[in-house]
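Trainee: Just so we're on the same page, the numbering used here is the position in the sequence shown counted from 1, plus 343.
Since the hints were derived computationally from the structure, they do not count as laboratory data. One should not assume that every hint holds.
[As the list claims (entries may be wrong)] With beta-carbon atoms standing in for the labels, derived distance ranges:
#	residue 1	residue 2	range
1	S365	S446	21 to 27 Å
2	D450	V493	19 to 25 Å
3	T404	P489	36 to 42 Å
4	E453	T404	30 to 36 Å
C-beta atoms are modelled at their ideal positions from N, C-alpha and C, and glycine is treated no differently.
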Amino acid sequence: MTGPLSPSLVLVPVDESEESLSAVEYTAAIAAEYDARIHALYVVGEDLAHAIDTGAVDHETLAADTEAFLRGVADTVAAAGVSLSTSMTHGFSTARLSRHPGSVVLDTAEEIGADFVVVPREPISDDPEEMLAKAAEYVLLYARQPVLSV
């Protein structure tokens, strides 16, 4: 049996959905309660990753949109008085078939030393940009860290 929960770094994957913003709110509350830091991982969806790979997306627009979304995340986290770091990654790859949103989240958790993960449990839809729903079950099944699915 492990000791009481005492996270120091909480990972929250985000994708510009309302569900991921809700997960950030939960993450901020948890981090504030335990005096932990937050790392927000912006996970790029399949269609956007393909557009980036093929050069079919305007990089300046993508950067501006991503920065605007992450500013909202930063504002939420700052209101809770918690430290935030961010990174961005593709949830899919045409070159690496094993690259999946769930594996990306877990790989990042290991790389940064996260000891708690909050994943948005999004409604399953046909929208390929809402790919964190595909990641939630995978993370719940395979994470070494405690996971909260919201």
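Trainee: Find the hints from earlier in the document that the structure breaks and name them by number, from lowest to highest.
Mentor: none
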